[in-house]
Structures are given as C-alpha cells and as structure tokens.
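Position chain B against the provided structure of chain A, taking the given hints into account.
There are 2 protein chains.
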Amino acid sequence: MTTRITRIAVHDLRFPTSKSLAGSDAMNAAPDYSATYVVLHTDSPDDLQGHGLTFTIGRGNEICVKAAESLSGLVKGLTLEEITADMGAFWRRLTAGDSQLRWLGPEKGVIHLATAAIVNAVWDLWAKSAGKPVWKLLVDMTPEELVRCLDFSYVTDVLTPEEAIALLRKQSPGKARREAEMLDQGFPGYTTAPGWLGYSEEKMRRLAREAVAAGWSHVKQKVGADLEEDMRRARILREEIGWERSLMMDANQVWDVDQAIEAMRRLAVFEPMWIEEPTSPDDILGHARIRERISPIGVATGEHCHNRVMFKQMFQARAFDFCQLDAARLGGLNEVLIVLLMAAKFGVPVCPHGGGVGLCEYTQHISLFDYIAVAGSLENRVLEYVDHLHEHFIDPVIIRHGRYMPPSLPGYSAEMKRDTLSRYQYPDGPVWSDIEAG
Amino acid sequence: MTTRITRIAVHDLRFPTSKSLAGSDAMNAAPDYSATYVVLHTDSPDDLQGHGLTFTIGRGNEICVKAAESLSGLVKGLTLEEITADMGAFWRRLTAGDSQLRWLGPEKGVIHLATAAIVNAVWDLWAKSAGKPVWKLLVDMTPEELVRCLDFSYVTDVLTPEEAIALLRKQSPGKARREAEMLDQGFPGYTTAPGWLGYSEEKMRRLAREAVAAGWSHVKQKVGADLEEDMRRARILREEIGWERSLMMDANQVWDVDQAIEAMRRLAVFEPMWIEEPTSPDDILGHARIRERISPIGVATGEHCHNRVMFKQMFQARAFDFCQLDAARLGGLNEVLIVLLMAAKFGVPVCPHGGGVGLCEYTQHISLFDYIAVAGSLENRVLEYVDHLHEHFIDPVIIRHGRYMPPSLPGYSAEMKRDTLSRYQYPDGPVWSDIEAG
Numbered sequence: 001m002t003t004r005i006t007r008i009a010v011h012d013l014r015f016p017t018s019k020s021l022a023g024s025d026a027m028n029a030a031p032d033y034s035a036t037y038v039v040l041h042t043d044s045p046d047d048l049q050g051h052g053l054t055f056t057i058g059r060g061n062e063i064c065v066k067a068a069e070s071l072s073g074l075v076k077g078l079t080l081e082e083i084t085a086d087m088g089a090f091w092r093r094l095t096a097g098d099s100q101l102r103w104l105g106p107e108k109g110v111i112h113l114a115t116a117a118i119v120n121a122v123w124d125l126w127a128k129s130a131g132k133p134v135w136k137l138l139v140d141m142t143p144e145e146l147v148r149c150l151d152f153s154y155v156t157d158v159l160t161p162e163e164a165i166a167l168l169r170k171q172s173p174g175k176a177r178r179e180a181e182m183l184d185q186g187f188p189g190y191t192t193a194p195g196w197l198g199y200s201e202e203k204m205r206r207l208a209r210e211a212v213a214a215g216w217s218h219v220k221q222k223v224g225a226d227l228e229e230d231m232r233r234a235r236i237l238r239e240e241i242g243w244e245r246s247l248m249m250d251a252n253q254v255w256d257v258d259q260a261i262e263a264m265r266r267l268a269v270f271e272p273m274w275i276e277e278p279t280s281p282d283d284i285l286g287h288a289r290i291r292e293r294i295s296p297i298g299v300a301t302g303e304h305c306h307n308r309v310m311f312k313q314m315f316q317a318r319a320f321d322f323c324q325l326d327a328a329r330l331g332g333l334n335e336v337l338i339v340l341l342m343a344a345k346f347g348v349p350v351c352p353h354g355g356g357v358g359l360c361e362y363t364q365h366i367s368l369f370d371y372i373a374v375a376g377s378l379e380n381r382v383l384e385y386v387d388h389l390h391e392h393f394i395d396p397v398i399i400r401h402g403r404y405m406p407p408s409l410p411g412y413s414a415e416m417k418r419d420t421l422s423r424y425q426y427p428d429g430p431v432w433s434d435i436e437a438g
Numbered sequence: 001m002t003t004r005i006t007r008i009a010v011h012d013l014r015f016p017t018s019k020s021l022a023g024s025d026a027m028n029a030a031p032d033y034s035a036t037y038v039v040l041h042t043d044s045p046d047d048l049q050g051h052g053l054t055f056t057i058g059r060g061n062e063i064c065v066k067a068a069e070s071l072s073g074l075v076k077g078l079t080l081e082e083i084t085a086d087m088g089a090f091w092r093r094l095t096a097g098d099s100q101l102r103w104l105g106p107e108k109g110v111i112h113l114a115t116a117a118i119v120n121a122v123w124d125l126w127a128k129s130a131g132k133p134v135w136k137l138l139v140d141m142t143p144e145e146l147v148r149c150l151d152f153s154y155v156t157d158v159l160t161p162e163e164a165i166a167l168l169r170k171q172s173p174g175k176a177r178r179e180a181e182m183l184d185q186g187f188p189g190y191t192t193a194p195g196w197l198g199y200s201e202e203k204m205r206r207l208a209r210e211a212v213a214a215g216w217s218h219v220k221q222k223v224g225a226d227l228e229e230d231m232r233r234a235r236i237l238r239e240e241i242g243w244e245r246s247l248m249m250d251a252n253q254v255w256d257v258d259q260a261i262e263a264m265r266r267l268a269v270f271e272p273m274w275i276e277e278p279t280s281p282d283d284i285l286g287h288a289r290i291r292e293r294i295s296p297i298g299v300a301t302g303e304h305c306h307n308r309v310m311f312k313q314m315f316q317a318r319a320f321d322f323c324q325l326d327a328a329r330l331g332g333l334n335e336v337l338i339v340l341l342m343a344a345k346f347g348v349p350v351c352p353h354g355g356g357v358g359l360c361e362y363t364q365h366i367s368l369f370d371y372i373a374v375a376g377s378l379e380n381r382v383l384e385y386v387d388h389l390h391e392h393f394i395d396p397v398i399i400r401h402g403r404y405m406p407p408s409l410p411g412y413s414a415e416m417k418r419d420t421l422s423r424y425q426y427p428d429g430p431v432w433s434d435i436e437a438g
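As they're listed, the protein sequences go chains A and B. Counting from 1, one number per residue, gives the positions in the first sequence under the working numbering. Counting from 1, one number per residue, gives the positions in the second sequence under the working numbering.
Simulated from the structure, these hints should not be mistaken for lab results. Computed from a predicted structure; not experimentally measured.
Simulated crosslink set (DSS-like; lysine-lysine; CA at most 30 Å straight-line):
| no. | chain 1 | residue 1 | chain 2 | residue 2 |
| --- | --- | --- | --- | --- |
| 1 | A | Lys132 | A | Lys76 |
| 2 | A | Lys345 | A | Lys170 |
| 3 | A | Lys417 | A | Lys19 |
| 4 | B | Lys76 | A | Lys19 |
| 5 | B | Lys19 | A | Lys76 |
| 6 | A | Lys170 | A | Lys132 |
What follows is a set of in silico ranges between Cβ atoms, one per label pair, in the way DEER data are often shown:
| no. | chain 1 | residue 1 | chain 2 | residue 2 | range |
| --- | --- | --- | --- | --- | --- |
| 7 | B | Glu229 | A | Lys345 | 31 to 41 Å |
| 8 | B | Glu229 | A | Arg93 | 17 to 27 Å |
| 9 | B | Pro161 | A | Arg266 | 22 to 32 Å |
| 10 | B | Thr156 | A | Leu378 | 34 to 44 Å |
Even glycine gets a Cβ: it sits at the ideal position worked out from N, Cα and C.
Pulled out of the complex, with its shape left as it was, chain A reads as follows:
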C-alpha cells in the first residue's frame, strides 16, 4: 500500500499587513506577509495531503510560485515510501538533481525558497501519514534513521554522518525526560510585539506592559533606522520591562560593519542580550569582527543565511552567539537538521527566526526536537514569537505564560484553513480584489 503524489498545487497567498505596520523594521518598512504555499495531493483513499510553505513579504511572491511550479516536476509521481526510504537522496535530487535549475542558485534565493515549500510539504505528508506531529516523528527516529534523511555534501569537513550519529546517541539517554518536560512546561519564547518600528510611545508602553503581564521574560526591539530614536525607544522598553528581563535588538541588515560597531557601543547602555542582523547576512567575517568588538553583547543572525555551507562557516569563524536559522530560507527541514547538528557540535544555541506567516508554526517543531534530541539544553535558547496571522492555521501555536506548548496534531502545523486559501489568494481572492477596488 503506497501513497503517490499525484498533483501539486501552488498558491500565491498574501496578507495585507503593511496596513498596520506590524512587521515594520528598518529594512522592511511595509511588508505584506506572504506565502508560496504548496499542496501535495495524493492517491490515498483518505485524501492525505502534504501542506508546506515558504515565507516572503509581498511583491515577488509570484516568482517563488513560478519556481515551486518548475520544481514540482521533480516530485510529481513519486511515492511517499520511496521518498522516505532515502530522504537524503530525495533532498539532493531536488537541490542538485536538475543541474539546469540548480544553476539559478545554487541553493540560494528564489529556487531554494521554493525548495523549502516543497520539502516542508513532504514532511507534513510524512508526519500525517505516521499520525504524529513532525517534532515527535523526529524524536522517535533512531540516530541512523535521522541521519539517513540528511545530505552532508559540502559539510563533511566539519560534520560526517558518523559524527552526527555520535552526537545524537550522546543525547539519547535524556530524551524521554526532556520530552515529558516539554509536554508539561513548553519551550521558552520571546516576543517582538512592543518593538516594531512605527508604533507610538503609548502603543509601545501598552504592548510592553501586556507582554510582561503575559509572562514574557524576553522582548525584542527593532533598531537601525535612527540611532537617537533607537535610544529613546530602548529607554521606554527598559522602563516597562525592567532590567531583570532580557531586551534584544534587531537591525535587519541596515548597517555596514563599522557602523554596526559604533551603533552598538552606544546602545550598550541598555544591555541588550543580542544584536540581530547587524549587517549583510552574507558577511560571515564581518559578523565575526562585530562580535569581537561589541562583546559582551551577543551577535545573532541566520534568518537570511541561505544554506548549510554558510552556516558551516558562521560556526567555523565563531561569527555569532545565536543561530537564528529559518525554517523556509534553508531548503526545508532536512537542511535545518544539518544545521542543528553543526550547532550542537560547535556549542552555539539555536533560536529560530519566527517573524513571518507560518514560521512560528514550523519553528516550534524544530526547537522541541533540538532540545529533546540534539542540544539537550535550554541555556540561551528562546524561540521567537510574533503574534499575528495565527488565526489562519488549522493547528496554530499555543503559547502559555511565554512558552510554546508542543503541538499534538499530526503534521508540520503550517496547514492553513480552506477559507484562507481562497480569501487571501493573490491577486484574485476577495481580500485583494476589495483592496484593488478601494
């Protein structure tokens, strides 16, 4: 009895978030949170489907949609069983098997974003077929089974399959205890709600108070548009959250290396736990230099770090203190898992990026698995939480007192409601035709 992928539908979904300035930062003034959304239809008698997405911020989502359509020929007609028998080979086939498509990256930009949507949909399908949430599917694998899902090309100089198995084995003894702990207490999160640019002082104070009341111990602020303004807003946030809670800052890539160092020397008085994306996401050596110069403020980056080769070098160069991988910027869960393993080897905590539609739904699985089976520690781990658009998901994240509670429904949690798929379809869905009509 096999499950064959018979048809792949790709949706262009966009949410008009630019109207509220939620999601506004120094680089991205007015994003419309969007998804290239893939549905794998199958021949299963109970209509099993795999849903997956990649995140963009509006214009250009149509290019990712086109790329996902071009890639889908590599997946259509395969059975779930042949994919999961050697998921590493499947991933390699998708990223390197068609050298003409590979040329467009390789493994970066639009083609890799589109790869993520498809790969994540395959994991959703697998987990649903297994009747488990993805984090649990992963936790229940043996080290050998897990490593078989991975493609180690270009990283064997720092991590071999044998080392990966050894890392996983080392954490095996505590897995059951940590799983029980997570089910009971959840995974610690942090919120960006009060920290977006473009909010009035009154709104910032209100949201900061609400965050404290809701139990958040970590709050993040956007910086980088104007340094005096950043200082003023940091002062407000410190007044509201106090000094016993942690304040993080996020510059969204607006600075050059020396500018970042200067800005953070002034912002240091507010004792930020980290500065996120201080400069170009490609600048491994630049991040290493910034880190050296602004210690003890940590350096965090990764949401735009496009593949395992870039992360490998971030680790090798000791370029960051917090690894903020993205569930859909990397080529889906397989590549995320490689990065988790390298992070464990180098002792760098992983705090995945959550600012986007569907990303929190994904990252909870990643951080749960990381804690239970790979890192085995919560030290310096906090999982970003962004509070909008969760209402569109069938199985949205559940936050209790600032912690993510483990999802229990089968799948990878990013399946959207049928109504959302039609209403937010761009450009023809009613939400957009209404905007068009003014």
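Relative to the frame of chain A, chain B by itself:
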C-alpha cells in the same frame, strides 16, 4: 533632450546546446545555454534601445524572466539622464529600494540574476547614447565619475569611495599607453574548446591541435566526474599542448573540501595553473583551506560568487588566486566594478568567467577596462573564451591569435540579432517547436 525608458520587454531565449555536449561538465551534464534577455525601449527619435542579458542553462530561465518582469516596474518611466546622474543610487534602488523584492535574495539567486540583465541593458543604452563601447565609456570617466556609479554598502570596511578614487588615480598616468596597446594587440585569452567532458580522445586531440595552431597559450580541462578519467584526459592534453603552455582545470563544484585536496594532489603531476570551483561557491573558508593545502596550484572561483559581500570575504580570507567574476551573476556592471577595485586593492588578478551565451561579449569590456584603468597589469590575467553561439550577436567578439580584440561598436556588445530573438524564443520559437515536434 532626454531619453525615457517607455517599455521593457523580457525574452526567454534558449539554445539547444545539450545536443552537442559543448558546455558539458561534471556538475552540468547537459545544459541548454539560455538567456533572460531584456530590451529597454525608449522614446528617442532614433529608436535607441538598451539590450542586456543574464545567463542560465535552460530550465528555470522562465523564473528569471518572471523576476525581470517584476523588477522592470522600478525602471520603466525613468530617463537615461536621471539614471546616469547618480548610477550608484539607481543601482541601490534596484537592489534595495523595493524591500519586498529584496527579501527574495537579498542580492543573490534569481532576483540578482534578473537585476543583472536590467542593469547591463542600462549600460548598453548609456554607451549607445554616448556613441562608445562600454569599455571606452568607462575608460574615459574621471575617477570621481566612475565612483559615482557605485554602491559601497556592505564593503566600506575594506573599500571606501575615497580609496577607490585613489586606486583609479594611481593608474591614470598609463591609461593612454595601455589603451593603445590593447587596440593594437588585444587582451590575452584562453580556450576551453578541447576540454569539455564527453568528447572522444580523437576529438580532444583534434581540438587541442587546432587550439595550439590558433595561437592559444592556455587551455582548460573539465574534471571532477571520475579521477582516473581526469588523469587520462590531462595526459592527452599535455601531450598535445606541451608543457610550455598552461593547462587549467575546472571541477564545477563537485567536491567536498577534503575530496578537492586529495584529487588535486594526484592531478598535480600535470602542473595545472589553477583548479577552478573545487567546491561549493559559498565556501569561502573551504577555498582558503584548499588553497593552503594544494599550493603551488592556484585556486580560482567566482562565476557563482553572488555579490560584492562574498567577494569581499574571498579577498579578506585570501581564499583564491584568480577572481573569476561573472558579468551577469553579480548585479550587473556596477557591482562588477566594485569587485575589480577590491581585487586591485588586494592584488588578486581578475579572470572573468566566459562559459555561457553572451558572457564573452561582456567580459572583454570588463577586462579591457580593468587592465587600462584599474589593475594596470596583464600578469596572470587570461580571459576565458568559449567558441559557440557568437553567431547570434550583432557585434560578436573578435579573437586574433588567442587574444580578444577590443570591440568598437557603441554599447555592451550583447545585442542579439533580430532573427535569433524570434527563432530561439522559448517555447514558441521555430527552433523549439521543431524540437517539440521531433
């Protein structure tokens, strides 16, 4: 009197090169050399147009076309005069001005390839309007005028506008002499003609003899599919070209770091001048390690190095001996110029990538300008020449005795014949409908 860009047409052009195995290497077994081809139409009374392209190898070219169409909204309606008054600002507007599109890179992959096609078309338009070939337009600029064309964001820690001006001024005295030298003797090239994978021994020997007879002093061989086979083919080539000529090798990214070191230790007996793309193009630190371990064989890479930030780190990490920038993988000529300036500062010779349709037409301008105004030296500089598809261009490259002769027609030389634009249009042009029909 202004020239306004009134309409932007984007063509999907593909050439069925996979039939001949010309262009076949260890990573790219059967490429169909393709171009996302942009035409900027203007309101000029004499029908001035700007033509520009980016190179892909077949499937997926439709995604680049889509991206170029999405970007063209940022260019339509501008005048050539407002663009050239501050070309640095124009470039920044195209790469960072629309943050929603920027998200898809930033500055990498499909969106950056599409940027290159548009930017290169603007340079073609500018040069045609000025009545000069692009290399001469650049050579005739003052250092200040040239630097105004550039966006230094993310590289100011290694190169400021002031340093760039100083670098250019240093070479000013010899410019006229070097220009005359180039017009007389041309720029030295090398050929890959005998070295593609998939050729019989007889064909290799014949092409190698032809190369020697045609005056080529440097010949490149593809490697990486099978080491014994690479050894056998290198032996054949050395037999034909002798030891007084240079042999280069190109692995097209197929090896991991340690594999590359091992393979090159064996291939060292053939005394290759360089190994090109030994591993992932993103692996700056990996290239540095390979370079350290296989000296005196040089390391060459850059055709997939996606932006100035990556090149900056290649220079900082002393990761390569030859900088093989690509005229259309970087975001067009503006970003190429920044890399030329950094290369001059770090003393790394630039040998641009030519393996693709239209790339030789572009790179001759780059290397001529580099020699005349930036580097001022020919030492270790050779410009790749690939011998197919030139018949499609209005102003194809002219090779004399293994050297590129400077183009004299106004523009950037990548304008294709009208007949080619219709015949090779994918999928509807007659060349493709004939193939479709079998």
